[in-house]
Amino acid sequence: MSQTQSPAAGDDVLLSVRNLSKHFPTANGVVKAVEDVSFDVRRGHIVGIVGESGSGKTTAGRCILRLVEPSEGEAIFDGVDLFKLSQKALRAYRRRMQIIFQDPYSSLNPRMRVGDIIGEAIDTHRLAKGAARQARIAELLTRVGLSPEHARRYPHEFSGGQRQRIGIARALAVEPELIVADEPVSALDVSVQAQVLNLVQELQKELGLTMLFISHDLTVVEYLCDDIVVLYLGRVMEQGPAREVYANPRHPYTRALLSTAPIPDPTVRRERVILQGDIPSPLDPPSGCVFRTRCPFAIDACATTVPPRETVSPGHTVACIRQAELASLDIRKVSA
Amino acid sequence: MAAVSITPAPRITTLILQRKTLAIGLAVILAIALLALFAPLIAPYAPNKLSIVNRLKPPSATWLFGTDEFGRDIFSRTIYAGRLSLTVGAAATALAGVIGITLGIVAGFFRRADTVIARIVDAMMAFPDILLAIALVAALGPSLATVIVALGIVYAPRLARIVRASTLVIRELPYVEAARALGVPTWRIMTRHVLRNLVSPILVQATFIFAYAMLAEASLSFLGVGVSPEIPTWGTMIAAGRQYVGQADWMTIFPGVAIILSVLSLQLVGDGLRDLLDPRLRKDL
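Residue numbers (my numbering), protein chains in the order written: chain U, 1 to 336; chain E, 1 to 285.
Please note that a few of the clues may not be correct.
Label-pair distances were calculated between CB atoms; the ranges are [stated by the list, open to error]:
| no. | chain 1 | residue 1 | chain 2 | residue 2 | range |
| --- | --- | --- | --- | --- | --- |
| 1 | U | Gln195 | E | Pro279 | 19 to 29 Å |
| 2 | E | Gly224 | U | Ser86 | 53 to 63 Å |
| 3 | U | Glu149 | E | Pro185 | 26 to 36 Å |
By construction, these hints were calculated from the structure, which means they are not laboratory data. Every residue, glycine too, gets a C-beta built ideally from N, C-alpha and C.
I would like the entire structure built from these sequences, with the hints used as guidance.
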């Protein structure tokens with residue numbers, strides 16, 4: 001499968017995830033949180049991982065950073081398989097990839113001053129000492145839109161948006177190449193989401209960062225990302241260049257997700273694809289296509305075959321056995 | 001602290017004086033400790049000086065706290081007894097702290113160690129405190145050091161449990177994950193991120209252990225497995241006064257008040273320190 005899954009293989013690929021699986025053994029059976037997920041992240045690009053809660057998007061991000069040990073697969077980062085590294089060898093790579101968390105409250109140690117939180121990143125990798133260290137902390141704080149005086153304050157003295165900026169400063173402190181942003185704005189007030197998103201985008205452009213942007217918000221992903229991967233119950237439903245997937249969604253699940261996003265134009269009408277019910281239990285996923293239980297187009301064959309990934313245009317793949325016949329059916333937009 | 005100091009941090013004395021309970025607690029416990037420390041200079045009589053004619057005298061100008069059944073001055077004995085009682089309390093608490101915190105944090109972090117540690121802790125908690133202490137002292141032979149070691153071991157599981165439970169919660173929090181993502185070594189995560197956030201429950205538990213240890217020492221002395229009976233402790237004084245409660249209640253009241261005052265003041269200190277060390281409750285910064 002990995003041969004068919006290299007839409008952007010080449011020198012500019014910084015991270016290449018191949019057949020990533022994560023299974024959690026539980027008392028009631030094995031939860032397949034992530035199953036056979038593959039994608040590439042090109043240098044300086046942003047890949048969005050989209051899905052509902054429980055889709056495995058967060059687990060996938062954690063696995064790549066080895067914060068959760070993956071069960072299977074490879075994550076080739078700059079030519080090295082991160083999953084094969086020992087904890088000791090991994091430490092050197094920690095500097096090259098960082099994470100921004102969803103919850104700005106629990107992601108900062110309440111007993112550490114902001115300067116120490118950012119300083120810990122600098123100290124761990126021995127990047128600077130003494131005055132240079134202070135200067136670097138001040139620089140980072142300024143960079144994310146805070147002021148150097150904030151270094152001696154504690155996290156509880158800041159708002160959610162400011163805390164998220166501190167989290168971003170901590171991630172940037174080690175000058176990483178890859179940043180996994182795990183729903184960095186979904187815990188924030190709508191009014192500050194845009195500010196933080198703009199900051200993330202600005203920093204990404206300026207520092208040439210490569211990003212894995214995990215989100216359930218499709219409008220955010222459309223705005224930010226170059227490529228997207230749509231996950232459902234840990235499996236990839238559809239993936240490809242963002243523009244292509246948004247303009248031409250082929251998987252019924254992607255279509256359903258996209259139809260929930262509002263279009264800021266009152267004259268445009270859209271037929272909504274309403275999904276019935278909840279995401280099924282990952283302990284007992286449906287046979288065949290995992291999405292079939294909620295798919296409005298499911299047929300008997302969907303229960304028997306795991307849909308193979310089919311390439312519909314360069315780099316754009318869909319895992320749906322009916323994608324070809326559904327392609328003609330434009331259910332995304334019906335113009336008024 | 002490796003803090004970024006742009007303006008100097010407020011002085012520690014200012015921080016303490018701003019908190020009345022902490023200041024009062026510290027003042028009382030310091031006074032008791034100083035009385036004990038300088039007992040030879042302060043005590044009007046030698047603590048073991050017998051005076052049969054003056055037995056069971058009530059408190060008066062001559063005998064501030066009265067005398068006991070052998071005519072020994074209760075005031076002198078009370079301040080002398082503070083030396084041992086406070087030593088036992090402090091040393092046993094410190095030992096219980098070192099053992100309990102280490103076991104708890106290791107158990108909370110390493111699943112394999114946890115199965116062993118949790119079982120040992122449960123087994124120890126199944127024994128009544130005093131019984132376990134007696135067994136340990138009996139095995140090691142009675143002396144000041146063994147009493148401290150025994151009490152330290154007896155009270156360690158209480159801390160181990162609290163620390164383990166909190167560690168299990170904290171180690172899953174995103175800020176610990178962030179530290180791991182940065183490659184911060186495990187021992188530093190344990191101290192900087194986990195232990196620092198455990199200060200409050202540990203302090204509260206430690207003040208209790210201090211009190212329990214002083215009382216347990218009294219029980220051990222009463223049962224004859226404590227520190228040598230010639231050296232007075234508050235516990236042995238209360239134990240001795242028990243028989244005379246009807247005729248000479250001062251024999252139990254004064255050492256009892258000493259215990260109450262030290263425990264109370266230590267709890268005030270513990271409370272105050274907990275607030276002082278919690279940045280969310282420090283309004284002065």
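Hints versus structure:
{"no.": "1", "hint": "Gln195/U x Pro279/E: 19 to 29 Å", "in the structure": "holds (26 Å)"}
{"no.": "2", "hint": "Gly224/E x Ser86/U: 53 to 63 Å", "in the structure": "holds (57 Å)"}
{"no.": "3", "hint": "Glu149/U x Pro185/E: 26 to 36 Å", "in the structure": "holds (30 Å)"}
When held up to the earlier numbered hints, the structure conflicts with none and fits them all.
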